[in-house]
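**Q** Each chain, letter by letter, is given below.
2 protein chains.
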Amino acid sequence: MRRPEIILFGDSITAQSFRSGGWGSRLADAYSRKADVVVRGYGGYNTRWALFLLHHIFPLGSSSTSPVATTIFFGANDAALRGRTSDRQHVPVEEYKDNIRKIVEHLKKCSPTMLIVLVTPPPIDEAGRQSYAESIYGEKAMKKPERTNEITGIYAQHCVALAEELGLRCVNLWSKMQETDDWQKKYLSDGLHLTPQGNGVVYEEVSRVFREAWLAPDEMPLDFPHHSQIDDKNPSKAFEDRCL
Amino acid sequence: MRRPEIILFGDSITAQSFRSGGWGSRLADAYSRKADVVVRGYGGYNTRWALFLLHHIFPLGSSSTSPVATTIFFGANDAALRGRTSDRQHVPVEEYKDNIRKIVEHLKKCSPTMLIVLVTPPPIDEAGRQSYAESIYGEKAMKKPERTNEITGIYAQHCVALAEELGLRCVNLWSKMQETDDWQKKYLSDGLHLTPQGNGVVYEEVSRVFREAWLAPDEMPLDFPHHSQIDDKNPSKAFEDRCL
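Here the protein sequences come in this chain order: Y and R.
Counted the way the numbering used here counts, the first sequence spans residues 1 to 244.
Counted the way the numbering used here counts, the second sequence spans residues 1 to 244.
Same shape as in the complex, but just chain Y (with noise of 0.2 angstroms):
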């Protein structure tokens, strides 16, 4: 018996969600017995990269196996900027919104009632990113950076723009963390993965984003009857009430 599926995809800060804290694993506990929140994340990936998984992460033609909802997440290495260490994973914002916007018409095909929740990468911060270099490369380091916050952002409200555009939800993650005081060390670990603080706020706002399209766990019923409803003298009962 196959449960309502929950597939996050996107890049390594998806790849990440089930470490402890994570936004994928407090997902899952958060939907226990109700769906099954399946992690498609892949470190470095860019979206240019991402379209050739997509037949093979949401095949068309089997619209009873899709998932019921997706996140999208990426353009934390799309934003990696042209002529720095991270060039390769560099793609134009243009590209990165078309890309998206391609993943998305994939995603309405497979599914028209798919729930697609887009999610902007986070904020950078780039003296995190610096001494994070450092630590790993020492005097090898890159001087300059290879993200920073501001060419994030315009990715960030390509993101924003392009959901408002097709009529979906949006998880404006780049604004919403930078309105605490100290999110480059409360909510980031090296200045662009996320800490069990900054997992937190992932958790938070798509939690809030799927009540608000009626995924509420909540509302959505158990898979098998709760031990409480069973008659230890007849339980079969419970069972050919729920299960046949």
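To be clear, the hints were calculated from the coordinates, so they are not data collected in a lab.
Among the clues, some could well be false.
[As the list claims (entries may be wrong)] Result set (DSS-like, lysine-lysine): computed pairs, CA atoms no more than 25 angstroms apart in a straight line:
1) Y:185 to Y:143
2) Y:102 to R:237
3) Y:233 to R:97
4) R:143 to R:185
5) Y:34 to Y:237
6) R:102 to Y:237
7) R:144 to R:186
8) R:97 to Y:237
9) Y:233 to R:144
10) Y:186 to Y:176
11) Y:233 to R:102
12) Y:144 to R:233
13) Y:34 to R:34
14) R:233 to Y:102
[Said to hold, decoys possible] Counterexamples of contact, computed for chain R against chain Y with all Cβ distances above 10 angstroms:
15) 81
16) 83
17) 98
18) 115
19) 126
20) 136
21) 143
22) 148
23) 160
24) 161
25) 168
26) 186
27) 189
28) 197
29) 209
Ideal Cβ placement from N, Cα and C applies to all residues, glycine included.
Knowing the structure of chain Y, use the given hints to seat chain R on it.
**A** This is chain R only, laid out in the frame that chain Y set:
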């Protein structure tokens, strides 16, 4: 595209395994991009009630969609004592053993190559159970334990004996946890359920058994190319090599 699936089938200790530091989410993280870890945990269930779920969770006749591995982790509720507050969950130990055997036989019908790992219930800290009951029910709390460590140990022994009889791998959690000083507080949060450290023990033991059975994440292929394998001038090549 479906990845190999690892199903965790059990009671509340399995259902809670995606909480922060939980053994399920740690497994999911370890098998990232290699296998999907799917939780089928049912709080309060004993093996008698679990039998009603078998054909729903593990349908016959589709071995291609059967999991590559399943953990069967029941017994904590079966071992509740007769005539005490959790009486309705009690299942006699011989029936418990027979029910686990039925689950195994069904899974082997689904897929003869499926790796099946039996997990015994963890030990019981009777004082911890008592404090927990008092914290919830105050003066009305049970005066006599609804579970004892000794009786739960008999269920664990039967589980281990069945694994030997059937040639299955087994994690004897009941014994393993008691090898450590202060296991009562270190591993159990309410005398029965697991602390993050207790979850760590389950994670380490289950991973070890999976690895011994050749299901080691290090030896399994990534689902798609690692980002460093993608030539940014000719990205399709990496995907042709790996995805077609």
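**Q** Are the hints correct? Go through all of them and say.
**A** Evaluation of the provided hints:
Between the alpha carbons of residue 185 of chain Y and residue 143 of chain Y the distance comes to roughly 21 angstroms, so the proposed pair stays at or under 25 angstroms and holds. Of the supplied pair hints, the one linking residue 102 of chain Y and residue 237 of chain R holds, its CA atoms being roughly 21 angstroms apart against a limit of 25 angstroms. In summary, the hint linking residue 233 of chain Y to residue 97 of chain R is supported, as the alpha carbons are separated by about 20 angstroms, within the 25 angstroms threshold. Annotation: proposed proximity of residue 143 of chain R to residue 185 of chain R holds, straight-line Cα distance about 21 angstroms (limit 25 angstroms).
Note on residue 34 of chain Y and residue 237 of chain Y: the hinted pairing holds, with a Cα-Cα distance of about 21 angstroms set against a maximum of 25 angstroms. Straight-line distance between C-alpha atoms of residue 102 of chain R and residue 237 of chain Y comes to about 21 angstroms, which keeps the hinted pair within the 25 angstroms bound. For a cut-off of 25 angstroms, the pair hint linking residue 144 of chain R to residue 186 of chain R stands: about 23 angstroms separates their Cα positions. Proximity of residue 97 of chain R to residue 237 of chain Y is assessed by CA-CA distance (about 24 angstroms); at most 25 angstroms being required, the pair is judged to hold.
A distance of roughly 23 angstroms separates the Cα atoms of residue 233 of chain Y and residue 144 of chain R; the hinted pair therefore holds under the 25 angstroms criterion. This hinted pair checks out: residue 186 of chain Y and residue 176 of chain Y have alpha carbons roughly 13 angstroms apart, not beyond 25 angstroms. Taking the CA atoms of residue 233 of chain Y and residue 102 of chain R, the gap is near 21 angstroms; set against the 25 angstroms cutoff, the hint holds. Taking the CA atoms of residue 144 of chain Y and residue 233 of chain R, the gap is near 24 angstroms; set against the 25 angstroms cutoff, the hint holds.
A threshold of 25 angstroms between alpha carbons decides the hint, and for residue 34 of chain Y with residue 34 of chain R the separation of about 24 angstroms falls inside it, so the pair holds. The straight-line distance between the Cα atoms of residue 233 of chain R and residue 102 of chain Y is roughly 21 angstroms, inside the 25 angstroms bound, and the hint therefore holds. For residue 81 of chain R, the shortest C-beta to C-beta distance to chain Y comes to about 14 angstroms, beyond the 10 angstroms cut-off, and the non-interface label holds. Listed as outside the interface, residue 83 of chain R is consistent with that label: its C-beta sits roughly 13 angstroms from the nearest C-beta of chain Y, beyond the 10 angstroms cut-off.
The Cβ of residue 98 of chain R lies farther than 10 angstroms from every Cβ of chain Y, with a closest approach of about 16 angstroms, so its non-interface assignment holds. The beta carbon of residue 115 of chain R sits about 20 angstroms from the closest Cβ of chain Y, which is more than 10 angstroms, so the claim that it is off the interface holds. Chain Y leaves residue 126 of chain R outside its interface by the beta-carbon criterion, the shortest separation being 22 angstroms against a cut-off of 10 angstroms. With a least beta-carbon separation of about 15 angstroms from chain Y, residue 136 of chain R lies farther than 10 angstroms from that chain, consistent with its non-interface assignment.
A cut-off of 10 angstroms between C-beta atoms confirms that residue 143 of chain R is not in contact with chain Y; the least separation is 22 angstroms. With 10 angstroms as the threshold on Cβ separation, the claim that residue 148 of chain R sits away from chain Y holds: the shortest Cβ distance comes to roughly 20 angstroms. The beta carbon of residue 160 of chain R sits about 26 angstroms from the closest Cβ of chain Y, which is more than 10 angstroms, so the claim that it is off the interface holds. Consistency note on residue 161 of chain R: stated as away from chain Y, and its beta-carbon is indeed over 10 angstroms from all of that chain's, at 26 angstroms minimum.
Here residue 168 of chain R stays apart from chain Y, with its beta-carbon at least about 24 angstroms from theirs, past the 10 angstroms limit. Here residue 186 of chain R stays apart from chain Y, with its beta-carbon at least about 18 angstroms from theirs, past the 10 angstroms limit. Annotated as non-interface, residue 189 of chain R keeps its C-beta farther than 10 angstroms from every C-beta of chain Y; the closest such distance is 15 angstroms. Listed as a non-interface residue, residue 197 of chain R keeps its Cβ farther than 10 angstroms from every Cβ of chain Y; the least gap is roughly 12 angstroms.
Residue placement check: residue 209 of chain R keeps its beta carbon more than 10 angstroms from all beta carbons of chain Y (closest about 20 angstroms).
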